[in-house]
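Number of protein chains: 2
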Amino acid sequence: MLTPQLDKQLPDGVADLFFNDAARKRAAERALADTFTRWGYAEIIPPMFEYYESLGAKAGPQLREEMYRFFDRDGRTLALRADFTIPIARIVGTKLFDRAMPLRFYAIGSVFRFKEPQAGVRREFTQAGIELIGANTADADAEAIALAMTALRALGLDDFRFTLGNAAYLQATLRDLALNAADDAALRDAIRRKNTAALAQLLAALNLDSTRHTALARLPTLWGNAEVLDRAICIDDDARAAIERLRAVVAQLAQFGLADCVTLDLAENRGMDYYTGILFEGFAQGLGFAVASGGRYDNLIAHFGHAIPAVGFAIGVERVMMLQRTRASVAPEVIAQTHSARIEDARARGRIVEVDVLNRAEDALRAYARVRGAREIWWRDGAIENV
Amino acid sequence: MLTPQLDKQLPDGVADLFFNDAARKRAAERALADTFTRWGYAEIIPPMFEYYESLGAKAGPQLREEMYRFFDRDGRTLALRADFTIPIARIVGTKLFDRAMPLRFYAIGSVFRFKEPQAGVRREFTQAGIELIGANTADADAEAIALAMTALRALGLDDFRFTLGNAAYLQATLRDLALNAADDAALRDAIRRKNTAALAQLLAALNLDSTRHTALARLPTLWGNAEVLDRAICIDDDARAAIERLRAVVAQLAQFGLADCVTLDLAENRGMDYYTGILFEGFAQGLGFAVASGGRYDNLIAHFGHAIPAVGFAIGVERVMMLQRTRASVAPEVIAQTHSARIEDARARGRIVEVDVLNRAEDALRAYARVRGAREIWWRDGAIENV
Chain A
160 MLTPQLDKQL
170 PDGVADLFFN
180 DAARKRAAER
190 ALADTFTRWG
200 YAEIIPPMFE
210 YYESLGAKAG
220 PQLREEMYRF
230 FDRDGRTLAL
240 RADFTIPIAR
250 IVGTKLFDRA
260 MPLRFYAIGS
270 VFRFKEPQAG
280 VRREFTQAGI
290 ELIGANTADA
300 DAEAIALAMT
310 ALRALGLDDF
320 RFTLGNAAYL
330 QATLRDLALN
340 AADDAALRDA
350 IRRKNTAALA
360 QLLAALNLDS
370 TRHTALARLP
380 TLWGNAEVLD
390 RAICIDDDAR
400 AAIERLRAVV
410 AQLAQFGLAD
420 CVTLDLAENR
430 GMDYYTGILF
440 EGFAQGLGFA
450 VASGGRYDNL
460 IAHFGHAIPA
470 VGFAIGVERV
480 MMLQRTRASV
490 APEVIAQTHS
500 ARIEDARARG
510 RIVEVDVLNR
520 AEDALRAYAR
530 VRGAREIWWR
540 DGAIENV
Chain B
160 MLTPQLDKQL
170 PDGVADLFFN
180 DAARKRAAER
190 ALADTFTRWG
200 YAEIIPPMFE
210 YYESLGAKAG
220 PQLREEMYRF
230 FDRDGRTLAL
240 RADFTIPIAR
250 IVGTKLFDRA
260 MPLRFYAIGS
270 VFRFKEPQAG
280 VRREFTQAGI
290 ELIGANTADA
300 DAEAIALAMT
310 ALRALGLDDF
320 RFTLGNAAYL
330 QATLRDLALN
340 AADDAALRDA
350 IRRKNTAALA
360 QLLAALNLDS
370 TRHTALARLP
380 TLWGNAEVLD
390 RAICIDDDAR
400 AAIERLRAVV
410 AQLAQFGLAD
420 CVTLDLAENR
430 GMDYYTGILF
440 EGFAQGLGFA
450 VASGGRYDNL
460 IAHFGHAIPA
470 VGFAIGVERV
480 MMLQRTRASV
490 APEVIAQTHS
500 ARIEDARARG
510 RIVEVDVLNR
520 AEDALRAYAR
530 VRGAREIWWR
540 DGAIENV
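Those protein sequences? They're chains A and B, same order as listed.
Residues in the first sequence are numbered consecutively from 160, following my numbering.
Residues in the second sequence are numbered consecutively from 160, following my numbering.
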């Protein structure tokens, strides 16, 4: 079952997939891999677990807290991977930093995060994502967003909207304020939630110069189309650059015919702690949480050895599958009574042929073929019967 | 790297895969999934971890010892899956026992076993296997073996040999002897290693009736073609049934044209503790360890609730990849200077097109296209240049 049900055989948050659900998952993963490949992305496969010190160092407190940790027999702490971005950053920073840039990688597979028990919350879930490494340009940002949208379409999802912000704008606007952690968190939270009353109260207590005060107070209103970029108050060149980057990304997305799928939201500041530039989330009609999320992280790879800018995203495969109406057929086309050369030919041409291994009587084999949804029975004597 | 190298960034036995190695792994997994599908097998995806009490109960002491264990936050012990057979047995025994039989499942993915550090030993490795559930027949046994061979061929491996034994024969021959665990292990070990001197010494100390003594003493010589089945001494009906089962399996494999790839070996008794019938291993030219192994386990699913016979195998994907000479190309076909509708068309037709996101000058883009192995450059003005 895609959404974990009460299953006392299994820990909370993990699931057994079989029949249609497993076939749909494989079909989705293939469609995603094919899409990423056509855009020039090559697969990268990090280990399922590695040293916690590698995965945890730049993960931010929440993600770090959610990691599954255990001990190697030599006493070092290991952790199951909780996303792909951090291990890929490690690989690039330690092994691939001297390659021709940009590097384009995709990864598809399980990641693991401990979440409090709650209906439908998964602790093992499937991410499919890309990282575009070595290009800090609006073109790179736009490619990441356009590819996320194209990937959702490849999964049959057409009705989606992306929110797009830039972490650099808020970072610039808050710089040198020397807020304590609690105030910083409260301020970001009020901005993100567009809670203007709480924000006004917090700003009043901070004794800011009037430009900065207005810039921050206006933030909850800065969402919508590109017009919001004209209303953003820029307290310095970094803030201005962040706004101009968004303008360039939207212009580039218009080239893809995708600008209409984007809502700018300068108040957006959720997501991974390592984001330094644009950040985006994709929402689909009928689902209350994001099916895709990503952003630019220009300082993460440096932690592992070499400073290289990057942008990427991840799609939540199970989340998208909740919206798919497709069935991935797993019925055999043919039930054969016995092995024959004809079966080998048919399989070589891609047909699905099941051979009886229970020496069933004719009627029993007919009944089984109906249950399995097969279209033909091939009898021992060469006769073909439609089911 | 497929064979883990010294990599102080990573724990022993896990590896980063990228470029050609990752592409080859994905190609191998697709070829295996396609082959299994054509034989009527449907994918099943067990969780990456579940309760240790489920995975460990029937695993046998060695496999249990090799499991990676950790604690859930509610204090229960979890373990990473160490094979697919045990979780699939749990799923069938608890959820699918009332379905039309046989059930045919395949699974492909990572499994985890702690192994002592040693060059090339993996602790995370990829198994691709099938389980044929609900049929205790020679046809089912033969299908499992034939599919293992066909799967190896789908990966480009033609030069392989399978050993085939039957755990039931030795079990019958040793029944009611009431050996202590050490004697039992020493006897099985001497038989498996075909160490006739050690075996003679052990048998002399056991004070057996002469039929049983001869049956066991002869075991190390009972390997080769079907003629060995005539030389096996059967102390009871169970032993006789085990021999006749092997005869029927070999006859069935002859129908597939595959009997010549099999060496019978009645002394074979390695493998999983849960095997109750035929057991087999596939060896490839140039590799000192098995690339495939499997067997019949008629009592495992019963542990989880319902007694259902089954046979299955697993292929070690990384082991097979060590023998493959193929390269899976990951080069883009086209480097495009800028985004265009033509690119969308090309990608929709399956071509790999990379768009420059670094606004490179013409010469720099030409140099990059050469490094990446691209065949064409598509310039902004519509011109196409061969690289």
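Keep in mind that the hints were calculated from the coordinates and are not lab data.
Source: prediction; values computed, not measured.
The reader is advised that the hints may include incorrect statements.
Since the list gives no way to pick out one identical chain from another, each pair is judged satisfied if it fits inside one copy or across any two copies.
[Stated by the list, open to error] Straight-line C-alpha distance at most 25 Å; calculated DSS-like pairs for lysine-lysine:
1) K184 x K353
2) K274 x K167
3) K167 x K254
4) K353 x K254
5) K254 x K184
6) K274 x K184
Consistency of the hints with the structure:
In the homo-oligomer, the alpha carbons of K184 and K353 never lie at most 25 Å apart, since the shortest distance is 36 Å inside one protomer and 47 Å across protomers. For a Cα distance limit of 25 Å, the shortest separation of K274 from K167 inside one copy, 18 Å, qualifies, whereas the shortest one across copies, 31 Å, does not. Taking the shortest alpha-carbon separations for K167 and K254, only the inter-copy value of 12 Å comes in at or below 25 Å, while the best intra-copy value is 43 Å. When the C-alpha separation of K353 and K254 is checked against a cutoff of 25 Å, the pair qualifies neither within a copy, at 42 Å, nor between copies, at 47 Å.
In this homomeric assembly, K254 and K184 come within 25 Å of each other (Cα to Cα) only across copies, at 20 Å, whereas the closest approach inside a single copy is 32 Å. When the C-alpha separation of K274 and K184 is checked against a cutoff of 25 Å, the pair qualifies only within one copy, where the shortest distance is 22 Å, while the shortest distance between copies is 31 Å.
Violated hints, in rising order: 1 and 4; the structure is consistent with all others.
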